[in-house]
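Undergrad: Chains as they are written, first to last, in the working numbering: chain A, 3 to 193; chain B, 14 to 346; chain C, 23 to 823.
Check before you lean on any hint, since a few could be wrong.
[Unchecked claim] Sample of chain C residues at the chain A side, in silico, Cβ under 8 angstroms: (1) 56; (2) 57; (3) 163; (4) 289; (5) 476; (6) 754.
[Said to hold, decoys possible] Each pair of labels, with its calculated beta carbon distance range: (7) A:18 - C:169: 51 to 57 angstroms; (8) B:150 - A:18: 54 to 60 angstroms; (9) B:308 - C:426: 53 to 59 angstroms; (10) B:30 - C:313: 57 to 63 angstroms; (11) A:21 - C:99: 39 to 45 angstroms; (12) A:71 - B:308: 54 to 60 angstroms; (13) B:93 - A:21: 30 to 36 angstroms; (14) A:21 - B:30: 17 to 23 angstroms; (15) B:141 - C:344: 56 to 62 angstroms; (16) A:57 - B:23: 22 to 28 angstroms; (17) B:154 - C:122: 53 to 59 angstroms; (18) C:119 - B:59: 43 to 49 angstroms; (19) C:183 - B:308: 34 to 40 angstroms; (20) A:18 - C:57: 37 to 43 angstroms.
Please keep in mind that the hints were generated in silico from the structure rather than gathered at the bench.
Cβ atoms here follow ideal geometry from the backbone N, Cα and C, with glycine treated the same way.
These are the residues of each chain, in order.
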Amino acid sequence: MRLTFRVNGRQQQADDVWEGESLLYVLRERLGLPGSKNACEQGECGSCTVRLDGLLVCSCLVAAGQAQGRDVVTVEGLASQAKKRADGRSGGADGRTGKAGTDLQPLSPIQQAFIDAGAVQCGFCTPGMLVAADELLERNASPTDADIREALSGNLCRCTGYQTILAAVRLAAARGTADTAGTADTAGTGG
Amino acid sequence: MKTFRYERPADPAAAVTLVAGTPGARYLAGGTNLVDLMKLGVETPELLVDVSRLPFGEVEETDTGGLRIGAAVRGSRLAAHLLVRERYPALSQALLSGASAQLRNAATIGGNLLQRTRCLYFQDVSKPCNKRRPGSGCPAREGAHRDLAVLGASEHCIATNTSDLAVALAALDATVHLTGPAGVRSLPLTDLYRLPGDEPERDTVLRHGELITSVELPPPPHSARSRAPLMVYRKVRDRASYAFALVSVAAVLDVRDAAVHEVRLAFGGLAARPWRAREAEQALQGRPATEEAFVEAVRTELSACRPLRENGYKLALAERLAVAVLADLAGQG
Amino acid sequence: MGTQMRGTAAPGRTPTSLSRRSRTKGGIGESTLRPDGTLKVIGEFAYSSDLWHEDMLWGFTLRSPHPHARITSIDISKALAQAGVHAVLTHDDLPTAHTQYGLEYTDTPVLADGVVRHHGEPVALVAADHPETARRAAAKIKVDYEPLPVVHDEASALADDAPILHPNRDDHHAGHVPHPNIVHRQPIIRGNAAEAAKRADVIVTGEYEVGMQDQAFLGPESGLAVPAEDGGIDLYIATQWLHSDLRQIAPVLGLPEEKVRMTLSGVGGAFGGREDLSMQIHACLLALRTGKPVKIVYNRFESFFGHVHRHPAKLWYEHGATKDGKITHMKCRIVLDGGAYASSSPAVVGNASSLSVGPYVVDDVEIEALALYTNNPPCGAMRGFGAVQACFAYESQMDKLAEKLGMDPVEFRQKNAMSQGAIMPTGQIVDSPAPVAELLRLIKAMPLPPEKQWETARGAADVRALPGGLSNTTHGEGVVRGVGYAVGIKNVGFSEGFDDYSTARVQLQVIGGEPVATVHTAMAEVGQGGITVNAQIARTELGVTQVVIHPADTQVGSAGSTSASRQTYMTGGAVKNACEAIREKVLETGRRKFGTYHPAWATAELLLEDGKVVTDSDEPLADLVDVLGDEVIDIELQWRHRPTEAFDPVTGQGFGHVQYSFAAHRAVVEVDTELGLVKVIELACAQDVGKALNPLSVKGQIHGATVQGLGLAVMEEIIVAKDAKVCNPSFTDYLIPTILDTPAIPVEVLELADEHAPYGLRGIGEAPTLSSTPAVVAAIRAATGLPLVRVPVRPEHITGT
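Please put together the full structure from these sequences, using the hints given.
TA: Now the structure itself:
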């Protein structure tokens with residue numbers, strides 16, 4: 003079947019997709035976006051987490067046909083997404099993405115924070131973790147530790163013991179709050 | 014995974030016709046359970062009929078003050094819904110204690126109710142399983158079964174129902190609305206599920222082609238003194254998130270003048286269906302709301318348990334959890 | 023022009039003072055950031071499962087559903103006939119008579135050779151144009167099995183009529199094992215335990231059990247094999263040790279090693295689980311057969327069958343002590359289940375036996391450790407490697423002894439703690455710092471986390487801070503706090519006389535007007551940060567800021583495995599050594615070019631700092647750029663740690679380990695005793711790291727190891743039923759800790775230099791995974807009063823029902 007949907011702000015088309023392929027497979031093997039990871043392919047680890055129409059989902063359990071006409075954001079689009087949000091706040095232009103839907107932008111705040119805090123070891127959980135953390139910070143600019151833990155509890159990491167991942171989200175939140183001091187939305191607590 | 018066809022019909026009637034006319038057809042909603050089982054080779058549909066975009070996505074108040082929940086509503090949305098959080102908090106609790114945020118965002122209410130068991134043998138096509146391959150045997154009885162049924166099991170199957178949502182809905186007296194080739198019908202949620210008996214391959218009483226369209230809740234019970242509905246869902250599991258219930262309890266309790274005015278109690282993790290504890294409820298009706306009474310009533314209910322080598326601990330867990338929940342609710346009233 | 027040296031060379035006069043601090047930015051001791059960090063956060067880092075090649079095929083492995091069976095026939099015709107299938111291979115198709123491989127014994131069939139010995143053993147391979155086509159074709163292969171009796175524990179393995187799983191053993195331990203189903207047995211006898219027991223005022227015994235733990239690295243086994251025009255093959259692979267893979271792969275393919283060119287691709291974690299081969303040979307066989315590139319990626323189900331696990335163990339211990347708290351003696355028997363093939367079981371036995379006393383001084387011991395051959399899944403390397411199982415048992419014993427003596431468990435441990443100069447049960451003298459008592463003091467001195475953190479200002483309980491968390495199981499009633507301590511000892515590097523070395527090739531040249539060092543090793547970066555550290559070492563030693571890390575491959579000599587906590591020590595040491603040789607060359611060139619301009623060229627100890635040649639009193643003599651000109655200095659050298667020796671097969675005596683590593687934990691738990699739920703509130707760790715080359719990475723290792731220990735304590739176990747079949751090969755049924763299960767992990771780091779090691783550093787990756795498990799269990803015991811002799815501890819063990 004033919005599949006048409008938006009990925010990281012750009013219309014994408016895949017042909018000869020077999021019905022049994024997952025959104026994850028289509029992204030990785032047909033669209034050249036291997037950032038979303040295949041640690042379990044059974045919805046158990048969160049490494050394939052993407053946004054589907056804004057919601058976090060495990061792309062390994064989304065049947066290809068279900069993505070038809072939908073809007074998908076992957077780790078490759080996080081920087082553009084962040085740029086778009088920042089521009090939206092200041093009334094600026096849309097973020098752009100490159101040919102294959104990968105970012106031309108510098109790193110998003112959460113990506114930078116993961117590097118700075120040492121939250122990346124083997125890095126296999128990192129893309130899914132980043133997409134989930136980015137979604138958290140989008141709806142809750144100042145999450146408590148409990149909020150962060152709750153938001154990331156569907157993403158397994160085997161290397162870090164989660165300590166530096168917590169630190170990275172705190173760091174990104176702190177930098178975000180510093181950037182938008184006085185305007186940050188701190189209403190939600192995610193509880 | 015076997016090859017199959019995928020269709021996304023525009024309306025419910027077309028969906029029903031498609032599935033009813035194809036013996037190997039299955040409805041696909043969120044896919045979080047079905048797609049997984051297809052990958053494992055446990056489910057091998059010829060045709061998937063995608064119903065996730067059919068107009069069953071509303072949550073609305075009924076004329077009687079209850080709630081009607083469209084079958085295509087996502088779990089996360091229902092858990093966060095204001096009416097649910099205010100009037101049916103146990104439902105929110107049950108939803109949030111299940112799976113992960115990612116799965117709750119994809120899984121629908123209808124799909125959640127029809128999720129299949131997590132028995133280790135059912136999952137693995139290289140092993141016998143009467144539910145998956147009738148007549149092949151049940152190695153779980155002799156093998157790994159610490160998480161399996163102690164109530165209502167048969168010699169053919171000791172699988173459990175793993176839906177947290179179903180347990181809460183059972184205690185809330187939910188009704189399930191269906192549409193199918195023979196028209197619409199409604200069932201109490203507790204009657205949707207069957208015990209394994211001689212046909213463990215049949216989880217529910219649904220006929221081929223029948224589709225859950227909505228779930229309806231009667232108005233929530235309120236205590237005489239407070240507006241807060243006295244209900245709770247609690248779950249015991251091996252990990253703090255993202256794990257199935259070893260035992261769970263959903264309870265509604267209304268105590269007036271120190272006596273049980275209304276009680277509804279359901280167990281998860283004990284049987285092939287959410288286990289509505291009717292005997293315990295009957296025993297408590299009108300009785301003083303004391304811990305002793307709770308213990309006695311719950312023991313009566315659980316006296317039917319037939320544990321195996323590894324899952325006997327569930328009895329004590331279920332008793333303690335239910336008594337703690339009831340005592341808590343009594344204390345709050 | 024380039025100068026390339028190979029072979030082992032002794033570097034010349036170079037300053038190696040441990041205390042010297044480099045001024046060069048990004049050198050050792052700094053928390054420099056990972057060079058692969060950016061690619062990893064933007065999703066463009068190429069893991070082995072991300073590889074793609076035009077015209078590539080997908081491979082799939084058909085595995086045995088039986089734990090022990092004879093294969094009476096295999097019919098591949100239907101699979102071969104399926105459209106899109108390019109090849110189907112069985113044992114009969116193997117190209118040479120060399121059809122087995124193995125890390126220590128060559129006992130593992132590439133494809134089953136008429137008999138399968140464990141559930142999930144590879145039987146046949148398929149290559150097809152789509153992964154699903156390959157799977158479907160594999161399902162059409164018809165294999166007839168005749169089940170054989172199953173060996174699943176010690177009793178069935180050693181029974182008189184037990185089936186002998188490997189009847190024609192020719193390994194180096196075959197001659198001295200008491201039964202052919204014993205892979206290896208290592209006794210250690212020192213002093214006279216029976217005599218010493220007479221001095222004991224109290225004697226405690228205990229039987230302990232450790233379940234089968236999985237490494238559960240997230241990146242599945244995967245790789246891409248590309249056939250080359252010269253008849254050889256290029257293999258892009260996630261592994262822990264390229265050259266060890268190569269040694270096992272090449273003979274099976276019938277190719278000389280130089281025709282099997284391996285390149286490390288992105289590795290999604292390892293933890294020991296990639297020490298053995300998984301799909302390497304399979305992908306190569308399919309690629310050579312079809313003439314096309316072949317990619318194999320396991321899914322999680324297959325991954326659980328595709329790598330070895332931590333040995334489950336049964337441990338019996340006896341300790342005695344005098345009234346004043348001195349341990350008199352120890353006797354123990356440790357039985358490890360090695361499963362169907364040897365993997366690294368012999369070395370695990372060596373570790374379990376030689377580290378079975380723990381970090382304590384006990385002069386009179388009688389130790390026996392052995393590994394069995396069974397039809398259970400093969401077990402081998404996992405972080406902690408034999409020391410984890412022993413640590414759970416001896417630390418449980420320490421608590422039991424302290425309780426019997428009425429002593430504080432930490433004071434009791436400190437009273438018996440080893441220190442530098444102590445003698446191991448193997449007779450080896452511990453010749454570097456062993457600050458066991460101090461580590462215990464450090465964790466005990468840390469402030470305890472506040473009580474009842476679930477209580478909120480508003481009076482309602484925050485269930486997220488309680489056992490059960492969002493399951494809403496408790497609001498604080500029936501919740502009991504417990505505190506537990508544990509300390510462990512782990513060896514670093516390969517032991518027992520193994521010729522352990524690493525190789526580094528370093529180039530120094532001027533590129534774009536700047537001195538640039540290129541570091542080329544075959545070290546597997548599996549997430550630990552070895553590439554970060556190697557670059558730091560090069561900066562420190564060569565005084566340059568620009569360091570290029572060349573991809574790891576087999577075009578350079580072996581680096582040994584990324585395991586045994588050894589890579590910073592060994593490959594870090596090799597990089598340091600090669601850099602020192604480079605520095606000598608630079609100085610030689612400098613003396614030749616500029617020696618006449620300044621007497622210091624001849625008289626002073628010279629260093630490279632900030633792109634300059636400087637004297638030890640920091641006087642600059644020349645810019646590196648000017649010294650080098652257009653010369654490329656290129657040196658490849660092997661580097662070894664000091665030799666060890668094999669343990670005596672009868673007495674277990676010998677200088678078996680090169681270095682020891684110590685960590686201690688304090689666990690604070692809250693237990694819902696009614697429902698059996700445990701919440702670990704805090705898991706504090708203190709560790710001596712010798713020298714923290716990268717403090718951020720050091721903490722990352724401690725955090726990760728600690729949480730793997732926590733997982734073993736309360737949730738992780740591969741369930742293998744009595745019929746030797748694996749029951750829970752998924753992340754839904756094999757649980758690892760989520761972020762909600764993981765407490766705060768405060769870390770205290772000591773830096774007491776080991777004078778034998780580069781920069782005084784100590785291998786750190788494993789020690790914290792030892793003590794974490796017994797500390798958590800001790801805390802649960804303290805909260806519940808239960809004996810809890812088996813891990814993982816599950817709710818039903820706490821509710822006692």
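Undergrad: Looking at the structure, which of the earlier hints fail to hold?
TA: Failing hints, ascending: 2, 3, 5, 7, 8, 9, 10, 11, 17, 19.
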